[in-house]
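Take the two lone chains and join them into the complex the hints point to.
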Amino acid sequence: MTGRESIKVALVGIPNVGKSLIFNRLTGGKAWVGNWPGVTVEKKIGKLRINGAEAEVVDLPGIYSLTAYSIDELIARNFIIEENPDVVVCIASAVNLERSLYLAISLLELGANVVLDLNMIDLAEKEGYKVDSARLGGLLGVPVIETIATTGYGIDKLKNAIRKALQEKGRNVRIVNYGREVEEAIEKLEKLIEELTPELTSKYPARWLAIKLLEGDSDVLSKVVKLPRGEAVVSHARSLKECLERKVGDLESYIIKRRYERVLEITKAVVRKVVAPAISLTDAIDSVLTHKVLGIPFALSILYLLFRFAFEVSTPFVDLIDVAINGYLHDLVIGITTLPEWLTSLLADGVIAGVGTVLTFLPVVAFFFLGFAVFEDVGYIARIAFLVDKLFSKFNLPGKTIIPLIIGFGCNVPGVMATRTIEDENDRKTAALIAPLASCNARLPVYLVIGAAVLGYSAGFAVLSMYALGILLALLMGFAFRRFLFRGLSSGFVMELPPYMKPNIGNVAMKTWERTKKFLFKAGTVIFLGAVVVWFLSVTGPTGYLGPDHIEESFAGIIGNWLSSTILKPLGWDWRASVALLFGFIAKEVVVGTFGVLYGVGEEEETVAHAIAEHHSFTPLTGYAYMAFVLIYIPCVATLAAIRGELGLKYAILALVYEIVLAYVVALIIVAGGHALGIA
Amino acid sequence: MMPLAYARNGALVRVVGIKAGKGLCRRLHELGIIEGKMLRVVKSQGPGPVIIEVVGDSSPNACRKHPSFFNRGVVGGRLLLGFGVAKKIMVEEVLAP
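Sequences listed follow chains H and E, in order.
Per this note's numbering, the first sequence runs over residues 12 to 691.
Per this note's numbering, the second sequence runs over residues 15 to 111.
So here's chain E without its partners, still in its complex pose (with noise of 0.2 Å):
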């Protein structure tokens, strides 16, 4: 488990959770960030701001099933967190870049 601020560039991680105030807890969920869900990380400052896609459906089986619909992430958009946001999300990786 690491913050999300440190993922490396391309990797797949999994939201295990966030250690924030109740708003910005709030406006990540509302965002699609919710914990159990999977991020893409397209672009990485390790450890700085990171840009993500939201992976639409997260669950183990559609990710092994289309690996290019998870990897697109499209449905989602880019998202940029800044360093400060992206310190606060804990996550974990699931597939290496």
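Just chain H, with the same shape it has in the complex (with noise of 0.2 Å):
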């Protein structure tokens, strides 16, 4: 062990091995959250005792190997560089064996002190095959423990082997035979680099960047280049590499088939066949849900379902909370009477309100994450993907894009984060701009209640056409972003398909949990603020403080007024439905309750619905116009910030301009096309 005061310990594996639930089988579940620095990868630290001593946890991002091309590789491969840690766990799972051992491969040409953590050893049983880990682990130099993170079974025998390994290191650097030629080369530059370079090799080993440099690693090119006597070892290797691929061919993908080659005889060796199975579980439910034809109905009502379950579910929650916070706490905020009125409106209309109506939408989302972690976990997720695909690609966008959009019908914001797994720039930028679109769970109660008032029989179809208008709205603007702002084609998607699995309790947890966090802070940041700015416009005017009861002479009435006298008077909606599209944009939840604010009827959907009807402020025409404005208008406060997170500031303004225009031009598409077939 070094003289350090901390132990640091890292978790590398390939995607879906089951890392996520290992690095909570070692640190009990408690993590560290954060990003790594200056990019939105996120990074996840907790801790493991050892003889008593704390070691470190970090969980890097699931990788297939150390290259510079992707910011997860750079990122895992400057940990093991940078921060030195003690040991690296390279999970590796028994059902994709061949890719695992391709990663831990590449760990140890870095020098790490691996040891191998073989997953799902239970799954291979089931395909009919075992993995000889002690064989395994005599080929590559590393100990191996057999684990199955589902069920905790060799967890313990994992962390001894992590103990042992903070004694011994064992490395193995040479694990790859490159052939004569090849490994010819790398011995003259790995002498040339000691001699010239030697700043680097106390840090790295001298073959890993000899292989690097042949390879021609654009990062390790130029971390050599600014050294000193750093240029004479680039032009030597340059020359090397030249001379190489005349004899090879492409001198990198030669490097990588040997690397696989040696996976292969590996593996050969290793793998016991003990009875194949004639057909497998996942081999006969797919030949239904990614059936041709039947796939997508199958999809849709298992969407459908999970919209069901989010909102059956959770309604008696909904009504606690309601009644919890719109009702006691701020009965109890009003009681107070020892405060300044103008501070008692703030707290309880502005506050209160304001986050008690986020706040009802918590279980709704909730559950809907809930569904969603269990489809995922289950390995259906993955297949929509490939179901859509085909019908994306004719949109220039890959069939991943449809990940991102069907969590944010659950919450825009988790939606635009999850863009993070796309792999290409441009693909990626693009998702996060049209993810907005998704309409999430605060939209629907604008759709009911104004589909209650206006709509008669007609309005579960129109709510269903919102859903659909918004996936054919992202579609056509993902089109156009992909054409005239993120030029060139999409480079597609690679995906790991696993097998259908049991859903794990702990997973389905913790992915709701993490996507529910999302959508509750920012809850509690963002809309917050924006709650009290539009408490702030409703209860002053120019003549000063008004009171909660003076809506229409406010700010908010007046800026209302002014709207839907001039610019949305096109679209005949009246100064309430305009206060109300001003103030959805907070959230949009808030336009139902704004509504009832502005009648005096209170926030029962049913009772708006009522008044809404009562005062014939929409024709069903421009109700429906207005259901789709506040499908596409704005992203929401919280959902804007996420953007910005995602793709900076400039992005965030981009997302607000063109849906307000474009809310504007499909509200005006609508009315201006009923009036033109008749229609009031």
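Hints may contain errors.
In silico DSSO-like links for lysine-lysine, alpha-carbon gap of 27 Å or less [to be verified]:
#, chain 1, residue 1, chain 2, residue 2
1, H, Lys258, H, Lys237
2, H, Lys170, H, Lys405
3, H, Lys175, E, Lys36
4, H, Lys54, H, Lys199
5, H, Lys252, E, Lys101
6, H, Lys234, E, Lys36
7, E, Lys102, H, Lys54
8, E, Lys33, H, Lys405
9, H, Lys401, E, Lys36
10, H, Lys268, H, Lys284
11, H, Lys303, H, Lys401
12, H, Lys401, E, Lys102
What the hints contain is simulated information worked out from the structure, not anything from laboratory work.
Okay, here's the thing in structure tokens:
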């Protein structure tokens, strides 16, 4: 062990190997979550007790290799080099052995002190084979521990292995033989590096540097060139590379191929066939769920099920929160007579009402994400990406874009953040910009109220059409962004497709919480501030403080009146509708509450619908246009903040502007089109 | 020779070439999709996205000896390749479905 106070353990693995579960098993689930410096890739750190000392466990991003091509890989690689963790636990999947071992080999070449965790051995047995872990350990020269993360099997052994690895560092940088000619070149370069740039060899194995220079790794090249005598090393590497490429073709591909050949040798030696199942359950399920014709209808009904589940199950919780905050807490504050009137109003009508409205959505959002996490853990969500890919590719978008959109049905904030998993930068930016067009849970009450008020029997159809409209517009805008803003063809996508599995409670709970938390924290900060601003605009006017019952004379009323008599005039909405839109900027669920306040009928959805119908505020046509406008017009403040976090201020403003314009155009088309067809 | 996007459901194909930029080529190589390797087409929307398994041992001899082994191709795990990517991978059919 080194003389440092803290012991560092890093977790690495390819996607879908159960890394998060292993992390939880090792650390007891307690984690500090932040971002890697300068990028929006999540960093998770937990604590593990070893021999009475505390070790810091760092969860590195899910990666396939250690090139300098993607942010995730650079983060993992730099962490291993710069922070020099005492142990690197490489989590391998027994049912995805080849790609797991490729990563393990890359780690060994980098000189990491590797412990290999062979996870999911139960699934391998189900598939009809066994992995000889002792032999595997012998071939790689590292300890190999079998685990089943879902049950906790082998975790204690893994902890022991980490403890042992702290004392004896097994390093095996010569794991792959690249063939005589390339090996000779590597050797020459190694000597040159040791001689001319000894600064580097204290951190990096010379052999790794030599291989990376031959591969043409941009990050290593720039590091070497910076050194006083680095130029000589680089030019020598270049000439060696040219010379070799005349014999073996592209050196980078050649090196990858050699690594895979080594992986295959190892796999062949350690995989023992037990019995081959005739047809796997996954194949049987997939023959229906990914069927060319039946697949999409199935996906739609599963989505519908997800919505029903979220709304039905959450109803009692919603009512409870509503009574507690909007009823009890609100009345309690109103009852404090010692405070000045404006302060009572700020607390009751601004803070409590604003946050209360958002919190009543917490159960719906949480249950939606719970249902989503179950389908995700089972392995179904990835299949949806397959189903829609052909359609999406017509719009120059990868099928993977559907995942942020579906998450966006729950809440747009985690939807926007989910775009991180899209590798291609242009694809990712496009996805983040169109993600707010997915109709989130907060918009539904608006549709329901307006629909009930003016659309009668066709309300149900109108509500469904909003979801379809959202997706259609997302596709069209995605196409437009790829055409004019992020030019070039979509590079497509590759995704691991795990076999169908029983959902794991821990995993589902963790994913549900991670997404719900994003909704909750945004509600607690951004929406809170927004609610206060809205309150201020609605209780003050040119004459000063007015109190809560004079909205028409307040700044908000004045702006609403101005909007409805100028820009929004062609759409036929009155000043109340315009004020509600203004307030809906904070969070779209506020729209219903605003109508309630403006009509003086409270926030109950039925009474609000009744009041809207009585005042003849909308015709069926303008009501429908209003629904569409609410769907599109701006992502709420929290979503804008999320876009800013992912893409920067410039793109947040772009999202704001394009959505307002798009909403206006769509609403105008609905109204004008309806008039042309003779609909009132 | 044809793009993988056009391969038939259940066919066994051999990768002949990858017509893509350096970045994507490398990514696919690292996933085990390498010239000469065999892929089992688990699901295809011909033409469209495909679900494939990279067959562990692609030597013709091994395929003949252990048909069940390469049919399942389990050690590789399954990959979903979007239409855009599947169009760039050129394959030839080795075994009809």
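| task | Hint by hint, work out which the structure violates, then give me just those numbers in ascending order. | result | Hints 1, 2, 3, 4, 5, 7 not satisfied by this model.
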